[in-house]
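Student: From first to last, the protein sequence lines are chains A and B. FYI, the working numbering numbers position 98 of the first sequence as 98, with every residue one higher than the one before it. FYI, the working numbering numbers position 139 of the second sequence as 139, with every residue one higher than the one before it.
FYI, nobody ran anything at the bench for these hints, they're computed from the structure. These figures come from a predicted structure and were not determined experimentally. Treat the hints with caution; some may be incorrect.
[Unchecked claim] Going by beta-carbon spacing under 8 Å, a handful of chain B positions derived as facing chain A:
{"#": "1", "residue": "Asp10"}
{"#": "2", "residue": "Asp23"}
{"#": "3", "residue": "Thr57"}
[Unchecked claim] Pairs of lysine to any residue residues, derived as SDA-like cross-links and limited to a Cα-Cα distance of at most 25 Å, are as follows:
{"#": "4", "chain 1": "B", "residue 1": "Lys96", "chain 2": "B", "residue 2": "Thr68"}
{"#": "5", "chain 1": "A", "residue 1": "Lys29", "chain 2": "B", "residue 2": "Lys132"}
{"#": "6", "chain 1": "A", "residue 1": "Lys109", "chain 2": "A", "residue 2": "Glu87"}
{"#": "7", "chain 1": "A", "residue 1": "Lys29", "chain 2": "B", "residue 2": "Glu47"}
{"#": "8", "chain 1": "B", "residue 1": "Lys2", "chain 2": "B", "residue 2": "Lys132"}
{"#": "9", "chain 1": "B", "residue 1": "Lys96", "chain 2": "B", "residue 2": "Asp110"}
{"#": "10", "chain 1": "B", "residue 1": "Lys132", "chain 2": "A", "residue 2": "Glu87"}
{"#": "11", "chain 1": "A", "residue 1": "Lys29", "chain 2": "B", "residue 2": "Glu128"}
{"#": "12", "chain 1": "B", "residue 1": "Lys20", "chain 2": "A", "residue 2": "Gly91"}
{"#": "13", "chain 1": "A", "residue 1": "Lys109", "chain 2": "B", "residue 2": "Lys88"}
{"#": "14", "chain 1": "A", "residue 1": "Lys29", "chain 2": "B", "residue 2": "Lys96"}
{"#": "15", "chain 1": "A", "residue 1": "Lys30", "chain 2": "B", "residue 2": "Asn77"}
{"#": "16", "chain 1": "B", "residue 1": "Lys63", "chain 2": "B", "residue 2": "Lys96"}
{"#": "17", "chain 1": "B", "residue 1": "Lys20", "chain 2": "A", "residue 2": "Leu10"}
{"#": "18", "chain 1": "B", "residue 1": "Lys88", "chain 2": "A", "residue 2": "Met73"}
{"#": "19", "chain 1": "B", "residue 1": "Lys20", "chain 2": "A", "residue 2": "Gly117"}
[As the list claims (entries may be wrong)] Here are a few chain A residues that sit away from chain B, every Cβ distance over 10 Å (derived from the structure):
{"#": "20", "residue": "Gln4"}
{"#": "21", "residue": "Val48"}
{"#": "22", "residue": "Ser59"}
{"#": "23", "residue": "Gln60"}
{"#": "24", "residue": "Asp101"}
Beta carbons: idealized from backbone N, C-alpha and C, even for Gly.
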Amino acid sequence: MKAQAVFPFLTEGYEMYRNKTIEYYHASKKAFTVLHVYDTNQEKTVEVGILFHQVEELSQKLMTEFLYDEFGMEYDQGMLECLYYIEHIEGAQTFILSLGDNVVIIKAKSVELITEGVYAVG
Amino acid sequence: MKNKVLEEFDSIVLDSSQIKYSDDSIDEAELLNQFHIRAFINSLEREYLFYEVLEVTQDIIPKTKPITNQLIVVENNDWIDSYIQNRKGKYSIEIKDFSVFKHYIFYIEDYEFNILAEGYNMINRFFEIFRKYESMKNLIL
Chain A
1 MKAQAVFPFL TEGYEMYRNK TIEYYHASKK AFTVLHVYDT NQEKTVEVGI LFHQVEELSQ
61 KLMTEFLYDE FGMEYDQGML ECLYYIEHIE GAQTFILSLG DNVVIIKAKS VELITEGVYA
121 VG
Chain B
1 MKNKVLEEFD SIVLDSSQIK YSDDSIDEAE LLNQFHIRAF INSLEREYLF YEVLEVTQDI
61 IPKTKPITNQ LIVVENNDWI DSYIQNRKGK YSIEIKDFSV FKHYIFYIED YEFNILAEGY
121 NMINRFFEIF RKYESMKNLI L
């Protein structure tokens, strides 16, 4: 299974504010993050919210050669787009968010892009 | 697996968890990530802040398995050994001393969090990030 970019037009920039915070909320089973990314359609840096629905898991793992293999990605390709996913047969998806040396693994049913009223704080 | 119980809770309700990555520096990143757990303990806000976090997992415990709500540290840290084995190649943050990392397990309701981190602090209120803002708070509800 090869990981695919969720929003291929949103890419990690070169020099920008790179702090990232992702939160999981037990009551609503949602996870949420706001990212500073470069939008290749608008040709500018934007703040976008990413909202995950029916989240089952939020984990952090070291990005290793083994994980690159598991995600079907080339080791020297890096992670240029901001969010990847792998679709499973049973409908759940694994989302992969790059976080420096690590990745955040989010197992969720769906994802939503929010472009209004979101701020990359914290 | 030998464990040492650090804290045990009669009444604990999970509110949220957070993974935080900071890279403000123009040069190399220096700090490892943070992992926070927010919970109501005896109805009071408590935020556990794990620092210098290498890895975190979150699992749901099957309902059939009775659990005690507690925070423990695993005395035989096999996780760090396998982590060192996996950590081959180039990483932006250099780790000089792996012996400082501990394997914590936090059992809350039907959740089991495994945290490989240097240590933790606890603060007596929730340190809100996104929920401070109405527009984002409404999305999360």
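Student: For each hint, tell me whether it holds in the structure or not.
Tutor: Results for each hint:
1. Asp10: violated (19 Å)
2. Asp23: Since the shortest Cβ distance to chain A is 4 Å, the answer is holds.
3. Thr57: holds (5 Å)
4. B:Lys96 / B:Thr68: violated (35 Å)
5. A:Lys29 / B:Lys132: holds (19 Å)
6. A:Lys109 / A:Glu87: Holds, because 10 Å separates the two Cα atoms, which is no more than 25 Å.
7. A:Lys29 / B:Glu47: Distance ~19 Å between lysine 29 of chain A and glutamate 47 of chain B Cα, so the pair holds.
8. B:Lys2 / B:Lys132: Violated. Lysine 2 of chain B to lysine 132 of chain B sits at ~41 Å, over the 25 Å cutoff.
9. B:Lys96 / B:Asp110: violated (36 Å)
10. B:Lys132 / A:Glu87: It is violated: about 33 Å lies between the C-alpha atoms, which goes past 25 Å.
11. A:Lys29 / B:Glu128: Distance ~17 Å between lysine 29 of chain A and glutamate 128 of chain B Cα, so the pair holds.
12. B:Lys20 / A:Gly91: violated (28 Å)
13. A:Lys109 / B:Lys88: The hint is violated at about 33 Å.
14. A:Lys29 / B:Lys96: violated (37 Å)
15. A:Lys30 / B:Asn77: Not satisfied, since the Cα-Cα distance of roughly 32 Å exceeds 25 Å.
16. B:Lys63 / B:Lys96: violated (41 Å)
17. B:Lys20 / A:Leu10: The given pair, whose Cα atoms are some 21 Å apart, holds under the 25 Å limit.
18. B:Lys88 / A:Met73: Holds: lysine 88 of chain B and methionine 73 of chain A sit about 17 Å apart, inside 25 Å.
19. B:Lys20 / A:Gly117: Distance ~21 Å between lysine 20 of chain B and glycine 117 of chain A Cα, so the pair holds.
20. Gln4: At about 23 Å from chain B, glutamine 4 of chain A clears the 10 Å cut-off, so the statement holds.
21. Val48: Label holds. Min Cβ-Cβ 12 Å, cutoff 10 Å.
22. Ser59: Serine 59 of chain A is in fact no farther than 10 Å from some Cβ atom of chain B, at 5 Å.
23. Gln60: Check fails; 4 Å does not lie beyond 10 Å.
24. Asp101: With a cut-off of 10 Å, aspartate 101 of chain A comes too close to chain B, as the shortest Cβ separation is near 4 Å.
The structure is inconsistent with the numbered hints 1, 4, 8, 9, 10, 12, 13, 14, 15, 16, 22, 23 and 24, although it conforms to all the rest.
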